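Novice: Protein chains in written order, with our numbering: chain A, 15 to 339; chain B, 15 to 339; chain C, 15 to 339; chain D, 15 to 339.
Some hints could be false.
Since the list gives no way to pick one copy over another, a pair counts as held whenever it fits inside one copy or between any two copies.
Mimicking DSS-like on lysine-lysine, the simulated pairs with C-alpha atoms at most 25 Å apart in a straight line are [claimed, not checked]:
{"no.": "1", "residue 1": "LYS16", "residue 2": "LYS201"}
{"no.": "2", "residue 1": "LYS271", "residue 2": "LYS16"}
{"no.": "3", "residue 1": "LYS156", "residue 2": "LYS201"}
{"no.": "4", "residue 1": "LYS301", "residue 2": "LYS333"}
Treat the hints as calculated values from the structure; they're not laboratory data.
This structure is a prediction, so every number in the text was calculated from the model and none was measured.
There are 4 protein chains.
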Amino acid sequence: MKQKFGAGIWHFATYVDRYATDGYGEPRSVIDAIELAGKVKDLSVVDINFPFFGGNFTNEKIKAALDKVNLGVVGITPEIYTKEFRKGAFTNPDPGIRNRAHELITQACEAVRFFNASYVKLWPGQDGWDYPFQVDHGTLWKNSMDGVARLASENPDLKFVIEYKPREPRVKMSYDSVARTLLGIEKIGLPNIGILLDFGHAIYGGESAADSAQLAIDYGRLFGMDVNDNYRSWDDDLLAGSLHPIEIFEFFYVLQKNKWEGVWQLDQFPFREDSVEMANQAIDFLKSINNALNDLDVKALQEAQSNHDAMKALKIAQKALYKNL
Amino acid sequence: MKQKFGAGIWHFATYVDRYATDGYGEPRSVIDAIELAGKVKDLSVVDINFPFFGGNFTNEKIKAALDKVNLGVVGITPEIYTKEFRKGAFTNPDPGIRNRAHELITQACEAVRFFNASYVKLWPGQDGWDYPFQVDHGTLWKNSMDGVARLASENPDLKFVIEYKPREPRVKMSYDSVARTLLGIEKIGLPNIGILLDFGHAIYGGESAADSAQLAIDYGRLFGMDVNDNYRSWDDDLLAGSLHPIEIFEFFYVLQKNKWEGVWQLDQFPFREDSVEMANQAIDFLKSINNALNDLDVKALQEAQSNHDAMKALKIAQKALYKNL
Amino acid sequence: MKQKFGAGIWHFATYVDRYATDGYGEPRSVIDAIELAGKVKDLSVVDINFPFFGGNFTNEKIKAALDKVNLGVVGITPEIYTKEFRKGAFTNPDPGIRNRAHELITQACEAVRFFNASYVKLWPGQDGWDYPFQVDHGTLWKNSMDGVARLASENPDLKFVIEYKPREPRVKMSYDSVARTLLGIEKIGLPNIGILLDFGHAIYGGESAADSAQLAIDYGRLFGMDVNDNYRSWDDDLLAGSLHPIEIFEFFYVLQKNKWEGVWQLDQFPFREDSVEMANQAIDFLKSINNALNDLDVKALQEAQSNHDAMKALKIAQKALYKNL
Amino acid sequence: MKQKFGAGIWHFATYVDRYATDGYGEPRSVIDAIELAGKVKDLSVVDINFPFFGGNFTNEKIKAALDKVNLGVVGITPEIYTKEFRKGAFTNPDPGIRNRAHELITQACEAVRFFNASYVKLWPGQDGWDYPFQVDHGTLWKNSMDGVARLASENPDLKFVIEYKPREPRVKMSYDSVARTLLGIEKIGLPNIGILLDFGHAIYGGESAADSAQLAIDYGRLFGMDVNDNYRSWDDDLLAGSLHPIEIFEFFYVLQKNKWEGVWQLDQFPFREDSVEMANQAIDFLKSINNALNDLDVKALQEAQSNHDAMKALKIAQKALYKNL
């Protein structure tokens, strides 16, 4: 089976930050972004922010643009991290705004149905706290779970994925790690909530993404994933494989070992790069990983792992990946 | 009720590390350490490493030394992180060594009964991995849980506490965070396994110790705690309160709010300091925190927290702690 | 002499980031920001971004707004980190853009003269790199120095301060630490270039801000400073003193010890807070530090320091700062 | 010319740490370690701790052991970080101990002459501080420089290299970064003091090792180097190339570009690994890097770098290193 590749549509947007408030490039609408995504060689699906950015577009209009470049939709990401939700979506101290988040995500559910996407992606980037003493932690965590639980029980036909991340934009996010997120999901106890594992979020949180994937799989909760890279201290969203090739290789090895099937997605932010080139280059790298998986001497690897023999295990992995070894 | 203070008996030992292999001071036996602990002004209990270090001592001999300086035992810490266990105790690839760990801890259970201590403390510092590809993560985590489960079910009269820590000595520990540890404990499903929350381990793992305490309490699993401080990137085991007074204050506020009753313990490593002086100074600081808790305007604080009002909440906390504010 | 307090005028702006692209509040012009700054109880001076944000304002117009609320100007910060400079100002690969940066800063020099400010502040936040192999490091560093050297030699009547920072927005900044910046300044060899030491940048770069201040002072290069706080892994720009009071206290102790005279400035980003309240609260804290400096038993402290006696030295500092000790 | 490989002789020792105080293996003398080093396929030289560990050995005895396995000596590392120097060597508050450090290093100078080694290696791992307020930073830094200056001026026939490191065992080391060390060396102003750049120390200090190498070279101060790897937050001393192959590749590219000639050394700590196997595996990796350097399209790379074109530059580097790309 040919591996399917995907990307967050924001990969093809331009960005602002707190310093370059005039942006890292000319503004683009979601339609512009879809056009660019269509130029990437092996992209099959995208995850789309909701509401659609850069204009007033109907679902049909978006669909037409996607069809034109032969792209499907893997997920819809409701924007529960904009100004209105700056003090939280699920955990906002104002119940009116918690309700607004619920309404927005409920609309996003309709979009998921329209596009026949795989899931609603929940990334509660403003849910958490900044300072000691700022919140009652018990209440905050309860609200983190309740908001997701209500959505999942109201929409049993859909899947919801939570993308955890240690921090940013909130100084500390409540869904901050694979284990915390699984703890919440298990407490909620509904079958249609899972994890979207972002490789970069895992490693900058001090996790081994391979271990995190195995854990989520063992709970039957790995519903999606995406990749990028960083310097282990912030969500830099750099080119996948650019800094930590061995760890991304192990991550994909764990997926393969568990026969996990799903889209290999990109969540990169080309602030200063050409977004089509960066997507192509990442996919080229992922394909080389895919080839390396085929070259891997799995039997010898598992033998080495059964002895926790790091040198042998690494050598096997390195031989599959590097020239001259 | 007067707050009880405790300390790991290793606080009064001397140390080696990979550079100062001749030690940071003259070797001391556990008896020497107990004598020093006895000189600390307000210490009531200690946690004792097992086997007893620095000689061949019976339980009775240790008890006599403790009685002489009027100290009780809060916990026993089997040394499952020495040479024999350098590749893991619960997760060692060699089942014979996993069994040796089980035997050693089982002996430690006897010591807990003898001293009428509150718990067996499990700190599996060598359980984990160093390199990508080194271990099968599913097996490793299963072994992490199985080893603890077996002990807890064989000794239903005792409590077991797991002290999680992100890393060191193992480059990555399997029980690395509050959420991962709770996930394991819930999966095991026995009532006599809980968490010992080390303030320093929490903050250098990127947790808010206050949030971690609330979470463990909400699962009924906070069985113990200890404090120290660090620069948020390593387990420096510095003087409690020396670097992060506001966060330690919030941690104790959460304990008080939940009416958590237990020993306030020290887990400090005075590599270059006088250990009695350092213990006294830490306890003085903890007492000042205790006083500050009484000064705290809890009603106003909770009002501020209900609005996530960081400035108001912090001001209330600061006023209780600082002069001149 | 009464201590003078200052703030970056951006403290009173609103912000965007890559997620809340619609901002954390309604847009404000520099005039709005000045009005808000005027409401802070003890603020004397501000540092102003150049060009003036939120409209087309003459120097005179700004001056009138400042006069109305009785504020002076301590520095002018040319915006050499916006879209045009996203690949660098001094180190941009395009010499035309390096020239544009020079022109913009030269205009900022005129503003410094107009407002009789103390310095031009250079914060080259986009100068650096993101990826391994991206740049020729020798050339990049040479350009980092040459750009500043040219300005300083063309404007010998003015002072230039470089505000170093480890990273953000550039993944890695070339002026990343106190030592690297001093190395550059010494190589340039002009008297009118110094350092603006940001407490938060120092500590999240792993420096002791107190040590950094001493070093810059010993080279005669500490021309300015500002404060805020963070969790030691990112430039969170939180409330000064909120997380690391002892370290900020030591920082001010070093300034006092060296008879350093200058404005105590705030560089905070109240994303979700009221900016006037946050500035007032920070200044209240800084005043309490100022009082604590007076309470400090300096003779005993220096005696303790001469023995590297951490416990004694800390106790002296704690007694000056905390209640109940 | 064939590349020469070296290693710290401690690579072949066993270790203790503060937990496994009984060691990670049976104790070995320096003679045992030399025997093991002799089994590594392509090792030419070693760096030897002084005094010689594990017994009372003359220089002649060591020389005989080295000759037997055909190894030379690249450097001598006086142990200025053991118990006696736990509060510092050059910066110890006790001038008597500062003098002891001087004497010990002076003896090490004799060994350097005896073995015709390239340098005395100074690694002042205990020089620094642990707590805020503990030291007078100006005095500490002055002593850091004075101790080295005295040695270098007393022994003008020898080279001294300073190996900087952010921390460990001291919580904060005074020679913590490439820039700080160069600043000190330039202030001292003697020709025979340089830097030994440890790749791992650079990256866990947030440096690009490639940039650090270029900087040291530009000051004429890169006298030595060694490699290993870590997770960017601690000096894990793991297998070279195991985690950050692209960055180590860039590091060697910068050395090659500057025609830097010297030994490629290993500074790894095989706590739980076979030390000969780990050395062989690292050298195999370094050879593959050497081959990749030959495959590198340098002209295209420099063209990409002149535009700061990260995607192009990375692709060129990746093609030289990876299969399937």
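Novice: Confirm or reject each hint.
Specialist: Status of the hints after comparison with the structure:
1. In this assembly of identical chains, the alpha carbons of LYS16 and LYS201 never lie at most 25 Å apart, being 36 Å within a copy and 37 Å across copies at closest.
2. For the identical chains of this complex, LYS271 and LYS16 are intra-copy neighbours only, at 17 Å inside a copy versus 42 Å across copies, given an alpha-carbon limit of 25 Å.
3. Taking the closest pair of Cα atoms, LYS156 and LYS201 come within 25 Å of each other both inside a single copy (10 Å) and across two copies (21 Å).
4. Taking the closest pair of Cα atoms, LYS301 and LYS333 come within 25 Å of each other both inside a single copy (16 Å) and across two copies (14 Å).
Of the numbered hints listed earlier, the single one contradicted by the structure is hint 1.
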